[in-house]
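Model the full structure from these sequences, guided by the hints.
Chains as they are written, first to last, in our numbering: chain A, 1 to 283; chain B, 1 to 299.
Hints should not be assumed to be uniformly reliable.
Claimed, not checked - Derived BS3-like pairs: lysine-lysine, alpha-carbon spacing no greater than 30 Å straight-line:
1) A:Lys162 x B:Lys166
2) B:Lys166 x A:Lys85
3) A:Lys157 x A:Lys86
4) A:Lys85 x A:Lys175
5) A:Lys162 x A:Lys175
6) A:Lys162 x A:Lys77
To be verified - To spell it out: a stretch of chain A is covered by chain B in this simulated footprint if at least three of its residues, at any positions, have a beta carbon under 8 Å from a beta carbon of chain B; those stretches are:
7) 3 to 12
8) 77 to 89
9) 107 to 116
10) 245 to 258
11) 267 to 275
Derived by calculation from the structure, the hints in this document are not laboratory data.
Since we're looking at a predicted model, the values are computed, not measured.
For each residue, glycine too, the CB sits at the ideal point set by N, CA and C.
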Amino acid sequence: MIDYVITGITSGCVIALGAIGLTLTFGILRFANLSHGDLVAVCAYLGLACERFLNNIFLAAIGAIIGGSLIGLSFEKVVWRPLRKKGGSLVAMLIVSVGIAIASRHVLMAIAGPGLYFYEISAKIFHLGDIRISSVQVLVVAAAVIAMLFLYYILQKTKLGKAMRATSDEPALAKVSGIDVNRVIDWMWIIGMGLAGLAGFLYGLQTSLRPDMGFHLLLPMFAAVILGGIGNPYGAMLGGLTIGLAQDISLIVLPSQYKVAVSFVVMIIVLIFRPRGIMGKVT
Amino acid sequence: METVLPYAATVLILVGIYALFALGLNIQWGFGGLINFGHVAFMAIGAYAMVILNLYGVPLALAILAGLAIAGSIGALLTIPALRLRADYLAIVTIGFAEILRYFLLNEGWLTGGAGGLIGFSLPLENIVPAEHYDLFLLGFIWGALLIALAALQRLAKSPWGRVLKSIREDEDVAKVLGKNVSSYKMQAFLLGSILAGFAGMMMAFYHSYVNPYYYYPIETFYAWIIVILGGSANNRGTILGALVLWTFLSGTRFLSPLVPLPDFTFAALRMALVGVLLIVLMLYRPQGILGNRRELTF
Chain A
1 MIDYVITGIT SGCVIALGAI GLTLTFGILR FANLSHGDLV AVCAYLGLAC
51 ERFLNNIFLA AIGAIIGGSL IGLSFEKVVW RPLRKKGGSL VAMLIVSVGI
101 AIASRHVLMA IAGPGLYFYE ISAKIFHLGD IRISSVQVLV VAAAVIAMLF
151 LYYILQKTKL GKAMRATSDE PALAKVSGID VNRVIDWMWI IGMGLAGLAG
201 FLYGLQTSLR PDMGFHLLLP MFAAVILGGI GNPYGAMLGG LTIGLAQDIS
251 LIVLPSQYKV AVSFVVMIIV LIFRPRGIMG KVT
Chain B
1 METVLPYAAT VLILVGIYAL FALGLNIQWG FGGLINFGHV AFMAIGAYAM
51 VILNLYGVPL ALAILAGLAI AGSIGALLTI PALRLRADYL AIVTIGFAEI
101 LRYFLLNEGW LTGGAGGLIG FSLPLENIVP AEHYDLFLLG FIWGALLIAL
151 AALQRLAKSP WGRVLKSIRE DEDVAKVLGK NVSSYKMQAF LLGSILAGFA
201 GMMMAFYHSY VNPYYYYPIE TFYAWIIVIL GGSANNRGTI LGALVLWTFL
251 SGTRFLSPLV PLPDFTFAAL RMALVGVLLI VLMLYRPQGI LGNRRELTF
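Set out below in structure tokens:
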């Protein structure tokens, strides 16, 4: 049982970090970004490339984060902003995000090939009484906590964070009160995709890298976003942790192939009975 | 000539199957404005239901009818929780449903044969049609069904039913004020679309004389989306044109593979990446597709 809880927390950290970017996009641009999972996978491979060339696991993490931010910003300039200028609706953005997902996943396949890759790290195992914890698990939780504290600082204590929250609450009002919405959106991608990069790196530490790994994270991440209340980054963190725990604890009674189904069921239940999520506001 | 003809027949069979599949999506999305990102699930349900029933001894014609009924009713049932949701939630719920169905097909081997799939079910008129001409027979069968479906859908689109569905797409509240039962119309659109998807799935099963879970990845759904958008949303004839264009591209590039100095795997992946790029470019520069009407777009 306690082992399931520990792996649940570590996978929950990954889901939570990924879900933050997803919920920020949902809150500010109002669409469900279906490419988010596949871009998490791209970042995991970028981290791997950094690790192979620079031989340093911390530089790999930084590479994945910066890579994520740059990818987010590039898609904003090349695709999202032009689409918004043409008055692309929510549905247009949804479909374009599918296009980005398909394109990036297959570019990744073309470059990485069919093989399996792993980050080369040697994990130490700590024993606390009966509980076994690996150094990777400690690293994952520590990195996630630091990233979340950093996000809290940005959102609550900086002017940018205030502008982001305002844009998420009421975009039209934010615009007329002089907030540069495009700048807020740029930073939304930088922060959200940077955290997605970290999520990809931390996910890669725990499992093998496969080009379709991101797609399998998409459903749990959406479940976390909806559970936490759309547009609420703190809700997404809590939601991610909850979904991670629910998925891993379900292994006690369910075969592992149905792990993702657990997050789907949680999502449906929340959508039917409490569509604003556990921490969301009424919309 | 001998190799070109069977190859052309193969491509036309696939065009026919995917056109039927995409016509189902066109009812839901083109006419109804409903975002179904799990369309492939109904292809799978139709095919598996028909195959399983037939393997348990149900005569093929009955198994086909039952399979269509099962695909249609699951499609309609899914709308009960899903249609109360905003458009983007519907997208997430349907894509999730299709993925979980795929896990189910993979893991419940006692019913579905698991990863190995199912084989040995009957094919329509297999005792009458000589085996060496069976593909040609299937080609005629599928295109016959496609033309019937097209004629029926064209009539439906112009009927009061089709007009109400379009009005719901344009503005749900107006349709409601006029006393139309919006949920019921959406449910009917889902029912009809799922039946067509189920039928397409059965044709695919006959074509391969085999079903397995690997035919039902989410990408199949997005093929249907590309076909509908390429041809022009809410345009039935455009959907068939879209299927023709997509499969000409997919099979035409296969011919290029030996000419390009890349491993097959890499080439196939790049080809799929191009499909994704096509979707982005279409939405940016020609969202109405080839034959579509810009005024009929919800985006």
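Next item on the list: Would you mind confirming whether the straight-line C-alpha gap from Lys162 (chain A) to Lys77 (chain A) stays at or under 30 Å?
Entry: 23 Å, holds
Check: Lys166 (chain B) and Lys85 (chain A): Cα distance at most 30 Å?
Finding: 26 Å, holds
Check: Is Lys162 (chain A) close enough to Lys175 (chain A), meaning Cα to Cα at most 30 Å?
Finding: Distance ~13 Å between Lys162 (chain A) and Lys175 (chain A) Cα, so the pair holds.
Checklist line | Three-residue Cβ test at 8 Å for the coverage of the stretch 107 to 116 of chain A by chain B | finding: With 5 residues in contact (Cβ-Cβ under 8 Å with chain B), the coverage given for the stretch 107 to 116 of chain A holds.
Check: Does Lys175 (chain A) lie within 30 Å of Lys85 (chain A) when you go C-alpha to C-alpha?
Finding: Satisfied, since the Cα-Cα distance of roughly 15 Å is no more than 30 Å.
Margin query: Using C-beta distances, would you say chain B covers the stretch 77 to 89 of chain A, given that this needs three or more residues below 8 Å?
Written below: Result for this restraint: holds, n = 6.
Check: Holds or violated: are the alpha carbons of Lys157 (chain A) and Lys86 (chain A) at most 30 Å from each other?
Finding: Distance ~35 Å between Lys157 (chain A) and Lys86 (chain A) Cα, so the pair is violated.
Notebook entry, point to check: Holds or violated: the stretch 3 to 12 of chain A covered by chain B, criterion of 3 or more residues with Cβ-Cβ distance under 8 Å?
Noted result: violated (count 0)
Margin query: Given the hinted pair Lys162 (chain A) and Lys166 (chain B), is their Cα-Cα distance within 30 Å?
Written below: 42 Å, violated
Checklist line | chain B over the stretch 245 to 258 of chain A, status - at least 3 residues with CB closer than 8 Å | finding: It holds: at least three residues are needed, and the stretch 245 to 258 of chain A offers 3 whose Cβ sits within less than 8 Å of chain B.
Note to self: Can you tell me if the stretch 267 to 275 of chain A counts as covered by chain B, using C-beta to C-beta distances under 8 Å and a minimum of three residues?
What the structure shows: holds (count 5)
Hint compliance for this structure: hints 1, 3, 7 are not met, and every other hint is.
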